[in-house]
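*Asks:* Listed below are the residues making up each chain.
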Amino acid sequence: MTTYQGIFDKSTVRFLAVLIAIAAAVPLLNTLDSSNPLHVSTYTMTLMGKYLCYALLAVAVDLVWGYLGILSLGHAAFFALGGYAMGMYLMRQIGDRGVYGDPLLPDFMVFLNWQELPWFWNGFDQFWYAALMIVLVPGLLAFVFGWLAFRSRVTGVYLSIITQALTYALLLAFFRNEMGFGGNNGLTDFKDILGFDLQANATRVALYIASAVALGLSYIACRFVVTSRLGRVAMAIRDAESRTRFIGYKVENVKLFIFVMSAVLAGIAGALYVPQVGIINPSEFSPLNSIELVVWVALGGRATLYGAVVGAVAVNYAKTYLTAALPEVWLFTLGAMFVLVTLFLPKGVMGILQRKSPANSSGSDDDTPKPELPQDGVKA
Amino acid sequence: MNLKKIMLAAAIAGSMSATQAMAADDTIKVGVLHSLSGTMAISETTLKDTMLMLIDEQNKKGGLLGKKLEAVVVDPASNWPLFAEKARELIEKKDVDAVFGCWTSVSRKSVLPVFEELDSLLFYPVQYEGEESSKNVFYTGAAPNQQAIPAVDYLMDQGVKRWVLAGTDYVYPRTTNKILEAYLKAKGVAASDIMINYTPFGHSDWQSIVSDIKKFGSKGQKTAVVSTINGDANVPFYKELGNQGISADEIPVVAFSVGEEELSGIDTKPLVGHLAAWNYFMSVESDVNDEFIDAWHAFIKDEDRVTNDPMEAHYIGFNMWVEAVEKAGTTDPSVVGDALIGVSVPNLTGGYSAMMPNHHITKPVLIGEIQDDGQFETVWKTSGLVAGDAWSDYLQGSKDLISDWRAPLSCGNYNVKTSKCSGQNY
Amino acid sequence: MIARVLWSFLLLACALTTHAATLEQGLEQLKSKDFSHIEQGIATIAASGDDNAELILNLLLNGEIYRHKKSNELVTIQGKEDKQLIIVNLFDDSGDSAQTVSKRKIKKVRINNKLRASLKSAIASLKLNSNDPVLRLEAVNQLIGKLNPVLYQTLLERQQTESDDRVKSLIDVALAVTDLNSQDSDKASQINAIELLSESLQPAARNALQQFVDETDNASLKFKANKGLRSIDERRKWAGHAETLFFGLSLGSVLVLAAIGLAITFGVMGVINMAHGELIMLGAYTTYVVQLLMPNNIALSILVSIPAAFLVSAIAGIMIERGVIRFLYGRPLETLLATFGISLILQQAVRSVFSPLNRSVATPEFMSGVIEINPVLSLTLNRLYIIAFCLIVFALLFMLLRYTRLGIEVRAVAQNRAMARAMGVRSEWVDAMTFGLGSGIAGVAGVALSQLTNVGPNLGQAYIIDSFMVVVFGGVGNLWGTLVAGLSLGVANKIMEPWAGAVLAKILVLVFIILFIQKRPRGLFPQKGRSAEG
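Sequences listed follow chains A, B and C, in order.
Going by UniProt numbering, 289 is the number at position 289 of the first sequence; the sequence numbering is gapless.
Going by UniProt numbering, 403 is the number at position 403 of the second sequence; the sequence numbering is gapless.
Going by UniProt numbering, 421 is the number at position 421 of the third sequence; the sequence numbering is gapless.
It should be emphasised that the hints constitute simulated quantities derived from the structure, not laboratory data.
No residue lacks a Cβ here, since even glycine has one placed at the ideal position from N, Cα and C.
Keep in mind that the hints are not guaranteed to be accurate.
Said to hold, decoys possible - Listed below are the simulated DMTMM-like cross-link pairs for lysine to aspartate or glutamate, each with C-alpha atoms no more than 25 Å apart in a straight line:
| # | chain 1 | residue 1 | chain 2 | residue 2 |
| --- | --- | --- | --- | --- |
| 1 | C | K108 | B | D267 |
| 2 | C | K69 | B | D372 |
| 3 | B | K420 | A | D33 |
| 4 | C | K83 | B | D212 |
| 5 | B | K420 | A | E292 |
| 6 | C | K107 | B | E303 |
| 7 | B | K67 | B | E57 |
As the list claims (entries may be wrong) - Derived coverage of chain A by chain C (criterion: at least 3 residues anywhere in the stretch with Cβ under 8 Å from a Cβ of chain C; other residues may be distant):
| # | stretch |
| --- | --- |
| 8 | 106-113 |
| 9 | 286-292 |
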């Protein structure tokens, strides 16, 4: 039942228009002379590129949480895995330009006396292989994890906590130096991507635009899914899982598809993030990161997709601004913001817009998100 | 207010803050890049205060080049990518002329490309694993040969035959232990007399490991633990040592990351006699140290606050920068960077420390025993100064590398065998 | 090494006695900056036979002797006045020499670990003649494996007169360790020694047997010694298992303590309380503050801290509940968002009030030390106390929920809010009390943790994830589940740690939890009935 109009409803069109405008304007303003008041510095552009990656990640979380009702507290894991895949490619690109000049081994392996490249590093010198892995590794992990969990009907908080256990286990694993991923220092000191110097302005512009394009395309893909028949079943599962199952839908398959798709999107976000920030390290797996990104989505407004984008950008901009302006007390401000938004804006920041223009809603937008933990049981 | 407006507002806000940087030019700005929140705030907040004190004192002396110094403090929140972002913000937007900051290796690795790209200066005050020499970074903390190796020498002298190398599983302990293992083996210690153990960050349950150490040490030969255990995990580790009754005269523990400040969070009575190797102790008797401690107490308004080695490193680094700026007559980082080599300033142990061509400094090495008041008592000291060695002679990959940032070599990792300078970003 | 030190000190002592070594001579040597002179001083004092010798050596060992820099007198610190110190000369009981000086005017008489070891040996040999058998036992323990001919003679004499059985048998072992590997022992005494040592679990005994096996040419003796080694190893293995179990239980009890408050707020009320860790942290800081208020009575301060921490955290919890959470019932996931914000605020508040540095919380006398079951198995007292504490807290909580009116109301509201209200239960009040109870117990956990780990702003974050794991693994809403889950995860972790390493053990436990939840999607003890769905 997916129609062109269904996907490109008013809010989507607006969102894409704004995205395209920003994606085009920033690089243009970046070329202006730095004395021009409208000039956007490369610093700001890279920063916005980073926000766009976070926004993509938030969209991925919103897809499973907002539309499928699975509160994943481990989505940072998929993000980080995508990032590591990209990081490994960038490390291999350094080649013999590392400090030890070893043609094959990355620096951290040389000084820990590794004799040869571990098998899982093979192939990462090819971009197509790395690109495949960026999609495949998070996707496969999500598939195996989801296949196990959904088949055994793990739901609600139990599912949330084991996703947290997953990312926590990966965090600990990647910390181990024996794993061959650079331990706590992670992967860093990248030089170039596809032959282009990472520090060059043009590369930065390209990465920024790539992030915007990835966000736009992913957004459309998510809209496609949520307005499709599959998306409607997903929302049915969110609202009454047992009932949907009794009606005869294969709940597990729907969940698995959306979960894997979300993980792949998170992986792509991670892959775009790494060359822009210049480092990937195990702290990206931290369970607190996962919780924080759920907070972005909740703050922006759940089950709207664009709410997730707004939440991610708003929180991260606040962080950037406050850590410089109020370095001593910024946590108070951020914490208070979370509390106040929850109390007074139950539908997130975007909830204000919906309340003001009820006609604006279409499809799922007017559904009140249901909690995973109903106070009383399902009335069967 | 609709979606588009919000987006636009955000974009405008972003570009506005970008243009704010064109501020007044009558001060010299110094960036302070230490975590004030998150896991590393515990150690780094003190260093931020130290920098504020040093800048304050310099201003009292009349500033620098006739201008006042201004500290620009940001909070990278123990978040490594945020370190890079904040470094860029300090240099590009706030126009600082030098940055003092970082604690963990990963935060330094994260900001390093930023400093190299924007050609600014970073003073890094913490002991670290070596294996790095950047044109833009000045390492005022100890390299492994300024801390670990003298400590092991001392213990060997004390008759230690069996060694436990215990560390947190990250790069600094890994590298240090690699170096120490090679060093011990070169000194004729058998592999069976070395036990290596790694634990995760913030490890809090040390029962099994301490019990293993106890068993390893009960084989009749003098045993010592060389600890590269990272900050937070130390308190439960030492508490467990005390609980299981391991005293320093049976199995001494020598630590490289435990200083006065870490001890101020522990009841040190059961720990008396355990060791630490540093380049400075608060208990060092020198006039300049007494002055520094008094100034610190006056600044922080707390007589009970301690001083520690990384604070001394900032003291040295800051004074070196001041002297180099005065020598060069400008704060332009590329000129000051060259002027820094060879600068020599007083350290707090009563001597002078000099900046070497490899961007590391010369320092004395002290071994101290923990006292019941949380201070260290120096029990051994190198006879002269030890120059920091960027590339360890005990590691396969790095023994052929040297670093010399003076012309004509101007290279941080020059391979003397292949006569090649690799890994440079410019 | 130590034997060599003792040898030199003995020779020296002999040499000095001929010149009528006096305490004064020894004290004079202590004033030197050179460790070797101080070492001679210790030897002189030990050999002086003076009644004060043991006292002086003990003072020196504890680092209580200072040298006045100007007058070059040995002094001790009597007290403090403002920032100044009051010092008196050594042996001045009248206090005439008392004077007030600044900290920088005096210098501690330095000792290092080597001197500490020789001090302990010297004190031990002086203590051998003590009237208290416990002290004698300690002294022999100190000397075991470190005997030299003179001490050997002393012990031999002591063996004849020793009345206490335990001391006597330990002396036998100490002598046997020396006999076994001595050049001039005959075969009979060696056999005797092997038999004695095979019975002992002292590490020195095993080392002596091992050394004997490595060096002897006599096949039959070697066989005997090997047999002895095997029997020792067998018993040590059991001790090892017992130790692992103990470690596991104590780790488990820490997990249970941290999680049990969450079992109430999360398990019973369904509130995902991300600030739970910070409530634990508040409890730990309360312990610190109470200790600051009563610095002279550490033992009492810990006991006072327990109710104090409960109150502080409970009040904080009730404020959180009344101020924020009560508006969010029915939207439990949003409590996650709000409480995450609260946890950030609490962390930063503690940083602002107490500084970001860790705070030092002292361990009271009654909690430090070990219970030695045998020489290879000793249980640390503070861990024992924490296991006991955990069980007491659990029992009290369990009874409270089971038998009090509040407990019944709590369970009623958790099972069916509407019905409970219809029966006249003030559900709002019950909510606040339940949340306060869970928070208060988190505070009590903080008191226990202050004895084991850092008291700092990051304390809470270190335990929050583990706590959620324990509650979910045990089954949400089931207190027994939390207890069993915490203890079994602790033991599993400790069993795996020796062969997998600390990091891998933790990863394996997490993977195990993930797989276990697949098998039992509602945890160890799933809730039954209508309220279980969802």
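*Asks:* Against each hint, give a clear statement of whether it holds in the structure.
*Replies:* Evaluation of the provided hints:
{"no.": "1", "hint": "C:K108 <-> B:D267", "result": "20 Å, holds"}
{"no.": "2", "hint": "C:K69 <-> B:D372", "result": "21 Å, holds"}
{"no.": "3", "hint": "B:K420 <-> A:D33", "result": "39 Å, violated"}
{"no.": "4", "hint": "C:K83 <-> B:D212", "result": "43 Å, violated"}
{"no.": "5", "hint": "B:K420 <-> A:E292", "result": "46 Å, violated"}
{"no.": "6", "hint": "C:K107 <-> B:E303", "result": "20 Å, holds"}
{"no.": "7", "hint": "B:K67 <-> B:E57", "result": "14 Å, holds"}
{"no.": "8", "hint": "106-113", "result": "violated (count 0)"}
{"no.": "9", "hint": "286-292", "result": "holds (count 4)"}
Of the numbered hints listed earlier, those contradicted by the structure are 3, 4, 5, 8.
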